[in-house]
Structure formats: C-alpha cells, structure tokens
Amino acid sequence: MGTFLRVFFLVVLLGGLVVGLILVGQRQLLIKEAANISIPILTKPTPTPSPTPGPDAGSATFTVRFQGISSAAAEKVLRITFNQGDTAVYSFTNIPMSASPGGTYSGKINGINPGAYDVHIRGEAHLLRKFPNISIVTGQNTLDFTSKILLAGDFDGDNRINVNDVGILSANIKSPPAMVDPSNRLFDVDGSGLIDNSDLDIVLSNYKGLEVLGE
Amino acid sequence: MKILATVAAFFTFLISLVSGVVFPSKNQSPETTSPPQLETASFYLSSDVSYPTVGDELPVSINLRADGVNIVAAAIRIVYKYIGILPILPIDADSLADGTQAQINESLSDSGWVFPVNEVIQDKNLSLITIDLAAVNLRPEGFVSSEEVKLATLDMIVASAPPKITFHFDKTQTKLISKEGEEVKLQLKPGEFVLR
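Chains as they are written, first to last, in our numbering: chain Y, 1 to 215; chain X, 216 to 411.
With the rest of the complex left out, here is chain Y (with noise of 0.2 Å):
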C-alpha cells in the first residue's frame, strides 16, 4: 500500500508538472505572436472599398508629390481615404505610385460611388494631407494632389515626427553610407538610393518643434 500510494502521488506530481509547462508553452506561443505583429512591408494594392461600387462608380488617376523627390524616383506606396464627415467611406493601402522624369508621382484607383469627399493622403514615411471637398463623378476621375507636399519623416507610423523618427534614421545611416534595399527603401526620402545625411536634412527640415503633426 505505501509502495502505491508514493508511485500514485509521483504520477500525480509529474501530471501537474507536465499540465503546468504545457500551460506555458501556449502562453508563451500566444505572447511571441503578439509580439511578431509588425507593420507590414506594403507591396500589393489592398484596395477595401466600401460601401460595394455601384454601376455608376468612378475611377481616378491621382497625383501627389513626395518632397525632397524632384525626378524620376523608385516607385512608392501610398494610402488614400475619401472621407465624408468622420467617417471614413473608402480606405485604399499600398496603391502604386510611379515616378514621373519631374518627381510628381501617379496612381490610380477605382470603384468610388459619385459624390464629394474629404481625401486623406498618407505616404509610407510622411504626414497625413487633407484635401477637403473632392468631387468624384462617374467614370474617370483626374485628381491633383500636388499643391500641398507629403512631408517626409514620420517613419514610426504615429503621423508625427518627433526624435524617435530622427533616431529611426540615423540608425540607417552608416558610413560609407547604405545602398537601398528592400528593408530600408522607407530611408531613402531623397529617392537617391543612398541612405545618407541628405535624407536627414530633409527630414531635419520638418522638425521645427518636439512634436510635429500631420493634418
């Protein structure tokens, strides 16, 4: 009987043991997910209209320039939402945008029912622009963007700069400095395929208080 009863509480002591570590595995698996959860390298248009485009819905080809960029540059993303009120009718992520010989950079998008929005325009690395009252009608649409510049150096993503953004970049740049690649493409403001010091002077250019908000 003593025989068993250390053998039956053994059995008992490995279980919780075994139950326990299996317990924090899981709780460690769930917490290194949360923790690879990261801003996603924007590459494909992930055009989330909605409401669904009705039969009249129109089409736009847009510009919009990135400053710092006044030639043919690497081809960039941005994001666009057409807003009515606070409510944010149709959000466009990762839209295309090719370089003219000029800098003015063009995209294009599509399925956006007729009517007046205010457009949001956000770059990868620069402050939010609004651009109130925007009337799209059936078919094609041309839209400038270009009178108000995207602002560069918001590269935490927060629509701000501030000295984390300055950090972020000086920490990319090295001496000789970096050629571009696909891990640090968000660095090269000026498009000149270095990462160097005249990205920072653009960047520097905009930080003109500790905090820097986009509109």
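Worth flagging that the hints you see were computed from the coordinates, not collected in a lab.
Honestly, I wouldn't trust all of these hints.
What the hints assert, rightly or not - Straight line, CA to CA, 27 Å or less: simulated DSS-like cross-link-like pairs of lysine-lysine:
id, chain 1, residue 1, chain 2, residue 2
1, X, Lys296, Y, Lys130
2, X, Lys365, X, Lys379
3, X, Lys386, X, Lys404
4, X, Lys400, X, Lys365
5, X, Lys365, X, Lys296
6, X, Lys379, Y, Lys208
7, Y, Lys174, Y, Lys208
8, X, Lys386, X, Lys400
9, X, Lys339, X, Lys400
10, X, Lys296, X, Lys400
11, X, Lys296, X, Lys379
12, Y, Lys208, X, Lys386
13, X, Lys386, X, Lys365
14, X, Lys379, X, Lys339
15, Y, Lys130, X, Lys365
16, Y, Lys208, X, Lys339
17, Y, Lys130, Y, Lys208
18, Y, Lys130, X, Lys404
19, X, Lys379, X, Lys404
20, X, Lys400, Y, Lys174
21, Y, Lys130, Y, Lys148
Claimed, not checked - Just so you have them, the derived chain Y footprint on chain X, three or more residues with Cβ under 8 Å:
id, region
22, 302-316
23, 350-360
24, 365-374
25, 382-394
Just so you know, these numbers come straight off a predicted model, no measurement behind them.
For every residue, glycine included, the Cβ atom is placed at its ideal position computed from N, Cα and C.
Given chain Y's structure and the hints, the job is docking chain X onto it.
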C-alpha cells in the same frame, strides 16, 4: 484513508501545477511591447551663479551625461510653473531668429551636433515657461562621451525673488536616442535654484 489520499493527491496536483506555471515563467525573459531601453543617462540643470538677487542674471545650463552610450539625438522639454508675476525673465540668445531662444553651446557643432528645435515659450494664461530643445548628431558614427556635455544655456534676469524656483523635465517629451535608434533610459532630476 482513501478520501484522505484523494484529497492529498488533489492538493499535490495543484501545487505541482502552480510550480509548473510559475517557475518556468521566472526563468524566461519577458517579451513585452514596450520600447527597449538601454543604459541610464541623465539630463540635469546647473548654474554658475549662486543665490542671485533681483536684477542679477541667472544662467541655467542644460547638461547631458550619457556615460559612454553612443547617441544620435536628444529632445528636451523643461517647464517652470510660477504663481502670480513671472519672477525670472528669459533673455533671447538670438535676436535674429523668431521667438525667444536658449544659447546653444556652439562648440558642439565641431562634433556634429545641430539644434533643429530651440524655443522658449511663455504661456501667461497657464503661468508657465516651456523650454524646448532638440539636438541631432549628423555624424554617421554617432557621438560617444563619458563626460558632462553642456548642450545649451538659458540666461534669465531675476525680476523678483521667491525663495526658490524649480524647473522640471517633461518626462514624456524628454528623450535620448541611441545610435541603434532606441530610447536610452533617463534620469531626470528637477533643477532648483535659490534666490535672494
């Protein structure tokens, strides 16, 4: 006897279950979403003038001690809340620039420092003086020093003499960034200056 054994087994199971959950957790490094922080550095204030009286100048220096951490940028907000009439009047260090500015330590430009933000703001409604300063190092290798570095000085005229004035660092806006792009853990002590 069987009931006693069952109860004992149940509690043994519970204890071992808790042990299995608690002890491994203690041995594993925590993974959190808070930003990583490096070694401790400090911003602090000092003055060469002791016990200034009305009409005297009170120069307050803004200092950094980074203790050998490679740094690239700093943001500093210092606030002074007063009651009634402002007892100290900030002196503008650059009459050509807009607003009131602190006097930058010009010798730091030799080691690659620039100061994109430099403004002293008085909010009469809130009875508040705010000093905002940002420093960025342009050298690709960053900046390393174990010595005290004077970043800037704010000169003030003592207009009236309360027993003391106390400047506080705004902990949300005062940051030091390492060459790795991470925030350095900071010690921020208020600066107290006794007037006569």
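Hint compliance check: list the failing hint numbers for this structure, sorted ascending. Going through the list in order, the structure violates hints 1, 6, 9, 15, 18, 22, 24 and respects the others.
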